[in-house]
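The hints should help you fit chain B onto chain A, whose structure is shown.
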Amino acid sequence: MTIDAIYFDGEYARDRAVTITVDGHDIIFTGDGVPETRWSIAGLHPVDPPSSGQPFRITHSSKPGARLVIRDEDFIRTLIDNHRHLRGGYSWTHLRQVAAWTLGGIIGLAALGYVLVSFLPQKVAYILPDGWRNRVGEQVVKGLVENARRCDSAAGNAAKSAMIAALAEGNPDLPPVSMEIYDMALVNAFAAPGGKIIFTRGILEKADKPEEIAGILAHEIGHVAYRHPEVQLVRLTGLQVLISVMSGSNGGDITSNIAALAALLQYSREAEREADDYALSAMQKASIDPMGLRTFFEKIRKEEGSTSKSGQSSTLGKIGNVFSTHPGTEERIKRIVPMPAGQVPVQVLSPEQWQALKAICAS
Amino acid sequence: MTDTPDSHLPERLTFTYVPRKGLLKLTIVNFLLSLITFSIYRFWAKTNVRRHIWSCVHINGEPLEYTGKGKELFMGALFVFLLLILPIVLIVALIGLIAGPDSPLLMIPQMIVIFGVYLFWGFAIYKARKYQLSRTQWRGIRGTLAGSAMTYSLLYFGSLMAKGMSLGWATPVMNTVLQEQITNDMRFGDAAFKFKGRAGPLYPTYAICWILSLVALIVIVALIAASSAGSTFWQDLFSESSSPDSIDKAVGYLLVGFLVFMVLTALIIPMLWSIYVAKELRTFANYTRFDGAAFKLEATAGAVIWLTVINLLIIIFTLGIGWPYVNQRTVKFVVDRISLEGMIDVDRIRQSQVPLDRRGEGLADAFDVGGL
Numbered sequence: 108m109t110i111d112a113i114y115f116d117g118e119y120a121r122d123r124a125v126t127i128t129v130d131g132h133d134i135i136f137t138g139d140g141v142p143e144t145r146w147s148i149a150g151l152h153p154v155d156p157p158s159s160g161q162p163f164r165i166t167h168s169s170k171p172g173a174r175l176v177i178r179d180e181d182f183i184r185t186l187i188d189n190h191r192h193l194r195g196g197y198s199w200t201h202l203r204q205v206a207a208w209t210l211g212g213i214i215g216l217a218a219l220g221y222v223l224v225s226f227l228p229q230k231v232a233y234i235l236p237d238g239w240r241n242r243v244g245e246q247v248v249k250g251l252v253e254n255a256r257r258c259d260s261a262a263g264n265a266a267k268s269a270m271i272a273a274l275a276e277g278n279p280d281l282p283p284v285s286m287e288i289y290d291m292a293l294v295n296a297f298a299a300p301g302g303k304i305i306f307t308r309g310i311l312e313k314a315d316k317p318e319e320i321a322g323i324l325a326h327e328i329g330h331v332a333y334r335h336p337e338v339q340l341v342r343l344t345g346l347q348v349l350i351s352v353m354s355g356s357n358g359g360d361i362t363s364n365i366a367a368l369a370a371l372l373q374y375s376r377e378a379e380r381e382a383d384d385y386a387l388s389a390m391q392k393a394s395i396d397p398m399g400l401r402t403f404f405e406k407i408r409k410e411e412g413s414t415s416k417s418g419q420s421s422t423l424g425k426i427g428n429v430f431s432t433h434p435g436t437e438e439r440i441k442r443i444v445p446m447p448a449g450q451v452p453v454q455v456l457s458p459e460q461w462q463a464l465k466a467i468c469a470s
Numbered sequence: 198m199t200d201t202p203d204s205h206l207p208e209r210l211t212f213t214y215v216p217r218k219g220l221l222k223l224t225i226v227n228f229l230l231s232l233i234t235f236s237i238y239r240f241w242a243k244t245n246v247r248r249h250i251w252s253c254v255h256i257n258g259e260p261l262e263y264t265g266k267g268k269e270l271f272m273g274a275l276f277v278f279l280l281l282i283l284p285i286v287l288i289v290a291l292i293g294l295i296a297g298p299d300s301p302l303l304m305i306p307q308m309i310v311i312f313g314v315y316l317f318w319g320f321a322i323y324k325a326r327k328y329q330l331s332r333t334q335w336r337g338i339r340g341t342l343a344g345s346a347m348t349y350s351l352l353y354f355g356s357l358m359a360k361g362m363s364l365g366w367a368t369p370v371m372n373t374v375l376q377e378q379i380t381n382d383m384r385f386g387d388a389a390f391k392f393k394g395r396a397g398p399l400y401p402t403y404a405i406c407w408i409l410s411l412v413a414l415i416v417i418v419a420l421i422a423a424s425s426a427g428s429t430f431w432q433d434l435f436s437e438s439s440s441p442d443s444i445d446k447a448v449g450y451l452l453v454g455f456l457v458f459m460v461l462t463a464l465i466i467p468m469l470w471s472i473y474v475a476k477e478l479r480t481f482a483n484y485t486r487f488d489g490a491a492f493k494l495e496a497t498a499g500a501v502i503w504l505t506v507i508n509l510l511i512i513i514f515t516l517g518i519g520w521p522y523v524n525q526r527t528v529k530f531v532v533d534r535i536s537l538e539g540m541i542d543v544d545r546i547r548q549s550q551v552p553l554d555r556r557g558e559g560l561a562d563a564f565d566v567g568g569l
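From first to last, the protein sequence lines are chains A and B.
The working numbering numbers the first residue of the first sequence as 108 and each following residue consecutively.
The working numbering numbers the first residue of the second sequence as 198 and each following residue consecutively.
With the rest of the complex left out, here is chain A:
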């Protein structure tokens, strides 16, 4: 069977009338200045899926720029019926390709997410220079305490130093920390980058014994020792990168948002346990009665259940307090056991020092 068709050679816009015949596995065409050309049917592919009433346009892998335009419906039908690959449309190769790229994309993003949020923060936190840690720590503290006054008194400051010194006893590798107290009613304490440990007036008032504050201090020093605040800050930056990358925007610039500082200081349960373990071990080495920490935990937990949370609308309130936010508080309390029999607890602060510390915001 010989049929008429139009041929474009891909070199000139000129159309050329040709005649096509099928010869076994090939088609042969020739005409208007076109030498006899043989194309294998296996190498043909449709420019568009065939649709009735429309000419069928095909090309060949040996000459991708060339086009054969066939109008003979019978010929088209016979050709397509015998050679399914000429139907065009969605092919498995095509879908497999898309599936592979999608999978690759997801794996790539997951890998990027792991590096940015899990792997890098742990590494970077320990190589950050102290100058940076202090500077950023100050910004974080300023963001969280807002306009609250920092409490200072000569006797109170001496008491703070005495408490840190008591903890350093038997703990020579205690990281350098500073303890600051701010005139805020809500009950909280947190560690900021650069070893800055912040207490509120509220938490001092809530404490009945110096051992309670010493226990909390030891817990916060635990966060400092593991560089949890720094890790969180780097992680937040990584998260911002990830959000930028996935949303195609600049991620709302979350590190510059003070409210994000709240998220910054909410640690995982694992981090809290690390800090607890550090605190218990440090207190044991320094011979400080760990039951103070336990008493305080229980006191806070009881109040959480009964009273409404005052001051929760402030930035610092939003991070929750050291004990209440995580599930598993019960378990954390149970892990605090009394000192072994025979070990004599030291006096963390003298009664005068304790009074001076509690009154530090009064002056």
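Since the hints were made in silico from the structure, they are not lab data.
Computed from a prediction, not measured in an experiment: that's the story for all the values here.
It cannot be assumed that every hint is accurate.
If you want the footprint, here are the derived chain A segments under chain B, 3+ residues with CB under 8 Å [to be verified]:
#1 152–165
#2 201–213
Partial selection, computed: residues in chain A whose CB lies under 10 Å from chain B [stated by the list, open to error]:
#3 Ile113
#4 Phe115
#5 Gly117
#6 Tyr119
#7 Pro171
#8 Arg174
#9 Val176
#10 Leu340
#11 Thr344
#12 Gly345
#13 Gln347
#14 Ser351
Using 27 Å as the maximum straight-line C-alpha spacing, the simulated DSS-like pairs for lysine-lysine come out as follows [unchecked claim]:
#15 B:Lys393 with B:Lys360
#16 A:Lys316 with A:Lys409
#17 A:Lys170 with B:Lys266
#18 B:Lys268 with A:Lys170
#19 A:Lys409 with A:Lys313
#20 B:Lys218 with B:Lys266
Glycine is no exception: its CB is placed at the ideal position from the N, C-alpha and C atoms.
For chain B alone, kept in the frame of chain A given last:
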């Protein structure tokens, strides 16, 4: 079409849009596949839709053909992501980390990024246009842009500045210059497009639209003020006994007023400017020649408004899924109205010798430049 002596004579080119079935199926499959591939399929979706729409555009009975591939668009986007976006985001994040979360220094990288986006916006447009033209074939011959994307980009950046500084009055001149630059780079095979004409004739229409917009703005503000004057708004805001309650009410009025203002301006201002858009389309078509023949585009403001409004409604009511129809309507709008006045000797047009880019539209995708 056949081997008669006439086939070598110059011919008049006519453009027709011949609809084909299958766009609905494409739209649905594209949506579903985009959904399950976290939108990575969009590159293939765009390609399928273009292939469909292009094949409906017939010039003297021969359809256009879109030869682009989804993978090329995907690679373009991946290339820009890995070499540009990711490094920039990482550097900005690093600066943020070093400077601290609250540092005013953070503004600097942000501003550099914004500046860079404006500077390369024209580059993205040019490259995307070049990719699309080089993937568009008619009678086996493809188009291209034969000039420099960087030149166009600098020109584009300059035009943004000039438009801003002149309160818009430089728009007709700048648009003409930009159109001239890109049209004179345009080729079909070895045949060139030429653009020649002045911006002057655009100015009367521009002035009318500019003044009408200003008047419309004033009227809208005055109407809102008048309607709020009748209410207790001012009393609520300034009375001696302003209770928190009445302040809340006043804030409520302000908010409603602002919303009304936004909606009215968003509707009326673009409608007014359609008059200018239509004028510019007609004028630029007139200024454009292909192989000696002049284009003509019969676009009226009413038709432009109708096109825009229906397109907007399609996007809104299909939640964006119906974008292939928006593209189709836009192409059909042009094809239905365009004509080429003059004879073209098609047969002697040779294939373009400009090499093909392997990837496409990465930057345009990143910037979300728009277009088809």
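Cross-check of the supplied hints:
1. 152–165: holds (count 6)
2. 201–213: holds (count 8)
3. Ile113: 7 Å, holds
4. Phe115: 4 Å, holds
5. Gly117: 4 Å, holds
6. Tyr119: It holds, given that the least Cβ distance between Tyr119 (chain A) and chain B is near 6 Å, below 10 Å.
7. Pro171: 9 Å, holds
8. Arg174: 5 Å, holds
9. Val176: 8 Å, holds
10. Leu340: With Cβ-Cβ at 7 Å, under 10 Å, it holds.
11. Thr344: 5 Å, holds
12. Gly345: 8 Å, holds
13. Gln347: Result: holds, 6 Å to nearest chain B Cβ.
14. Ser351: 5 Å, holds
15. B:Lys393 with B:Lys360: 21 Å, holds
16. A:Lys316 with A:Lys409: 18 Å, holds
17. A:Lys170 with B:Lys266: 17 Å, holds
18. B:Lys268 with A:Lys170: 21 Å, holds
19. A:Lys409 with A:Lys313: With a Cα-Cα distance of about 13 Å, the restraint between Lys409 (chain A) and Lys313 (chain A) holds, given a limit of 27 Å.
20. B:Lys218 with B:Lys266: At roughly 21 Å apart (the allowed maximum being 27 Å), Lys266 (chain B) and Lys218 (chain B) satisfy the hint.
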